[in-house]
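Just need the whole structure built from these sequences, with the hints factored in.
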Amino acid sequence: MNEVAHLSLHVPEPAVRPGGQPDFSNVKIAKAGAVPRPAVDVAPEEIRDLAYSIIRVLNRDGEAVGPWAGLLSDEELLTGLRNMMKLRAFDARMLMAQRQGKTSFYMQHLGEEAVSCAFRKALAKGDMNFPTYRQAGLLIADDYPMVEMMNQIYSNEADPLRGRQLPIMYSSKAHGFFTISGNLATQYVQAVGWAMASAIRNDTKIAAAWIGDGSTAESDFHSALVFASTYKAPVILNIVNNQWAISTFQGIARGGSGTFAARGLGFGIPALRVDGNDYLAVHAVAKWAAERARRNLGPTLIEYVTYRVGAHSTSDDPSAYRPKTESEAWPLGDPVLRLKKHLVLRGVWSEERHAQAEAEILDEVIQAQKQAESHGTLHAGGKPSVRDIFEGVYAEMPAHIRRQRQKAGY
Amino acid sequence: MARMTMIEAVRSAMEVSMGRDDEVVVFGEDVGYFGGVFRATQGLQAKYGKTRCFDAPINESGILGTAIGMAAYGLKPCVEIQFADYMYPAYDQITQEAARIRYRSNGDFTCPIVVRMPTGGGIFGGQTHSQSPEALFTHVCGLKVIVPSNPYDAKGLLIAAIEDPDPVMFLEPKRLYNGPFDGHHEKPVTPWSKHELGEVPEGHYTIPIGKAEIRRPGSAVTVVAYGTMVHVALAAAEETGIDAEVIDLRSLLPLDLDTIVQSVKKTGRCVVVHEATLTSGFGGEVVSLVQEHCFYSLEAPVVRVTGWDTPYPHAQEWDYFPGPARVGRALQEVMEG
Chain A
1 MNEVAHLSLH
11 VPEPAVRPGG
21 QPDFSNVKIA
31 KAGAVPRPAV
41 DVAPEEIRDL
51 AYSIIRVLNR
61 DGEAVGPWAG
71 LLSDEELLTG
81 LRNMMKLRAF
91 DARMLMAQRQ
101 GKTSFYMQHL
111 GEEAVSCAFR
121 KALAKGDMNF
131 PTYRQAGLLI
141 ADDYPMVEMM
151 NQIYSNEADP
161 LRGRQLPIMY
171 SSKAHGFFTI
181 SGNLATQYVQ
191 AVGWAMASAI
201 RNDTKIAAAW
211 IGDGSTAESD
221 FHSALVFAST
231 YKAPVILNIV
241 NNQWAISTFQ
251 GIARGGSGTF
261 AARGLGFGIP
271 ALRVDGNDYL
281 AVHAVAKWAA
291 ERARRNLGPT
301 LIEYVTYRVG
311 AHSTSDDPSA
321 YRPKTESEAW
331 PLGDPVLRLK
341 KHLVLRGVWS
351 EERHAQAEAE
361 ILDEVIQAQK
371 QAESHGTLHA
381 GGKPSVRDIF
391 EGVYAEMPAH
401 IRRQRQKAGY
Chain B
1 MARMTMIEAV
11 RSAMEVSMGR
21 DDEVVVFGED
31 VGYFGGVFRA
41 TQGLQAKYGK
51 TRCFDAPINE
61 SGILGTAIGM
71 AAYGLKPCVE
81 IQFADYMYPA
91 YDQITQEAAR
101 IRYRSNGDFT
111 CPIVVRMPTG
121 GGIFGGQTHS
131 QSPEALFTHV
141 CGLKVIVPSN
151 PYDAKGLLIA
161 AIEDPDPVMF
171 LEPKRLYNGP
181 FDGHHEKPVT
191 PWSKHELGEV
201 PEGHYTIPIG
211 KAEIRRPGSA
221 VTVVAYGTMV
231 HVALAAAEET
241 GIDAEVIDLR
251 SLLPLDLDTI
261 VQSVKKTGRC
271 VVVHEATLTS
281 GFGGEVVSLV
291 QEHCFYSLEA
301 PVVRVTGWDT
311 PYPHAQEWDY
321 FPGPARVGRA
331 LQEVMEG
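The listed protein sequences correspond, in order, to chains A and B.
In case it helps, the numbering used here puts the first sequence at residues 1 to 410.
In case it helps, the numbering used here puts the second sequence at residues 1 to 337.
No lab work stands behind these hints, which were simulated from the structure alone.
A few of these clues could be false.
Claimed, not checked - Ranges of calculated distance between the beta carbons of each label pair, as one might list FRET restraints: (1) SER280/B <-> GLY256/A: 20 to 28 Å; (2) GLU358/A <-> THR51/B: 45 to 53 Å; (3) TYR410/A <-> TYR91/B: 41 to 49 Å; (4) GLN356/A <-> TYR91/B: 50 to 58 Å; (5) ARG403/A <-> PHE34/B: 40 to 48 Å.
Note that beta-carbon positions come from the ideal geometry of N, C-alpha and C, so glycine has one too.
Structure representation (structure tokens):
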């Protein structure tokens with residue numbers, strides 16, 4: 001009788017756990033400027049390599065190099081830096097506010113500011129994002145008032161969502177920001193539907209779908225790719241690979257082979273990987289994908305390779321599952337510092353101006369916070385009416401909800 | 001006026017709506033070129049073009065997810081889930097997304113979609129083509145849930161659903177597509193062309209969502225039913241000779257509580273009939289409301305007649321289906337109670 005080997009299950013593990021030395025030597029990083037920039041109407045099969053490389057513009061010396069460089073003016077870059085700094089300062093203040101009990105929960109963007117801030121600048125007015133909870137930079141970069149974001153975080157009497165949503169789950173149609181769901185990946189396929197609708201109506205607007213690396217394991221991620229490729233929807237399919245899905249490393253969703261970007265290849269969708277900590281590279285790739293969508297060339301999938309420096313949320317403790325110094329070892333650096341260095345090198349920025357900008361931004365954030373707190377915080381001051389619980393479930397309140405509202409005394 | 005089957009009435013509702021409003025789009029599995037497995041969408045693609053009526057990949061969550069995105073853009077998608085049994089992969093999109101978008105965004109975004117799905121048994125569809133999942137939707141705030149029982153209502157309610165600013169689950173009892181069905185499976189079905197409710201206006205009309213209809217006035221007992229069970233209840237009343245008042249709910253959410261309460265206060269007795277399983281079924285909600293609002297008028301305990309708490313069997317379909325004999329026994333039971 002033949003001997004039959006017993007099977008064993010493979011469960012992927014990250015290279016290093018707490019107490020170990022961070023090691024990113026397995027992360028293959030192309031030199032800045034090394035990846036070619038194809039024409040937007042390139043056949044997807046001709047750029048399969050782009051799903052395995054990393055598009056980078058800023059090199060170690062802070063220079064912008066290669067075919068993806070040169071799209072942004074000094075002024076646009078300075079605005080980009082300011083937006084990222086603003087998001088970082090906003091995060092820091094709101095994190096503190098949560099620790100002070102002014103809200104229940106917060107999720108910060110530390111280390112990922114370039115992704116959403118640069119991407120927003122590649123879109124036009126009227127385009128629609130279907131974001132996750134880690135793309136507040138889309139609002140900041142579109143000049144959505146910080147005080148409105150804070151009112152929502154505090155669920156106070158001025159909260160535009162009337163206290164119904166978790167903090168950071170913003171909604172602004174006017175700023176191209178679809179209402180955030182707590183259920184993962186549902187928005188990914190909705191973005192494709194929005195883009196299909198724009199095409200059905202022969203409009204000129206495009207949509208952007210957002211997902212984290214962990215959530216690519218959800219069925220709706222795959223549903224979205226099916227619909228996007230089938231109907232050639234004008235949508236940009238963004239995957240933010242920040243290495244960690246709460247405590248689960250990206251290898252659990254991805255498996256041991258390929259990249260997240262490569263998942264687009266089986267669908268015939270052009271797929272690119274980009275340095276998510278490089279403001280210029282993110283913007284250039286987003287612009288390329290937006291032009292493809294707008295020229296009716298269909299969807300593009302982009303994987304942003306970045307690192308979640310902070311905790312997943314205020315309820316998370318990353319020191320329990322990864323080395324404390326891992327973020328410092330991250331080979332793609334800090335997006336704010338990298339853009340700052342580039343601007344200094346360009347001669348349009350300096351340490352002094354940076355320090356001054358930091359102070360100005362902090363003051364701006366504090367002023368917004370004061371204004372928001374004048375309307376109340378989660379447990380103190382003004383809050384939305386109990387009547388608001390019952391409003392807006394339907395366009396017109398049905399009798400059974402009216403009866404319940406009356407029973408509640410409102 | 002024209003004589004229509006329920007499937008033709010459903011098709012007519014979509015055709016009229018698409019003609020009146022460019023924002024209405026219809027899609028789902030097999031609904032485009034072929035016209036759907038029940039032919040509900042036949043001819044719509046030829047008339048309105050393939051960007052307004054088109055085939056979708058076999059991906060229910062994708063169908064609902066894209067419909068939600070289209071609605072957020074400003075379209076009014078009317079999608080088909082091929083059988084109600086297949087809607088489970090889309091349940092997350094229906095219950096946590098479509099139903100909540102208006103509320104969670106404080107009206108910033110809305111979701112005017114219609115989800116059509118053939119429901120119920122009686123066609124030897126076995127356990128994966130016979131389910132009645134309405135209670136899974138009536139538990140979800142933000143949805144509206146409709147189950148028509150005849151061609152006239154089906155058209156008027158579907159047009160109202162398409163024009164409704166909120167998401168509507170539209171469950172079509174597939175056993176009624178070609179004619180009223182009174183539960184006597186051994187007898188040939190009377191076609192809708194011989195039934196007064198098969199007379200359907202060809203143009204636009206609506207029936208308000210949330211209004212029940214009394215199909216048979218009576219004074220001895222109230223029978224609350226919807227969909228196929230309306231016809232079974234009518235047959236049971238005729239066959240037992242009991243003076244039953246039969247209420248066709250038409251809309252389960254919102255529910256026409258006033259019509260139920262008014263009737264039960266008059267008759268003092270109530271039987272609730274549905275095809276879905278008993279435990280935690282919609283009948284439990286009706287019984288609870290009757291108890292709450294009519295307790296002092298009741299002369300007997302309220303009785304439910306439903307499918308059994310098992311999956312829908314194939315070979316024993318007619319032992320599962322609540323037929324007129326079972327409803328008749330329940331009527332007699334409450335009359336004696």
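Hints, one by one, checked against the model:
no., hint, verdict
1, SER280/B <-> GLY256/A: 20 to 28 Å, "violated (44 Å)"
2, GLU358/A <-> THR51/B: 45 to 53 Å, "holds (51 Å)"
3, TYR410/A <-> TYR91/B: 41 to 49 Å, "violated (32 Å)"
4, GLN356/A <-> TYR91/B: 50 to 58 Å, "holds (54 Å)"
5, ARG403/A <-> PHE34/B: 40 to 48 Å, "holds (46 Å)"
In the structure shown, a violation is registered for the earlier hints numbered 1 and 3, in ascending order.
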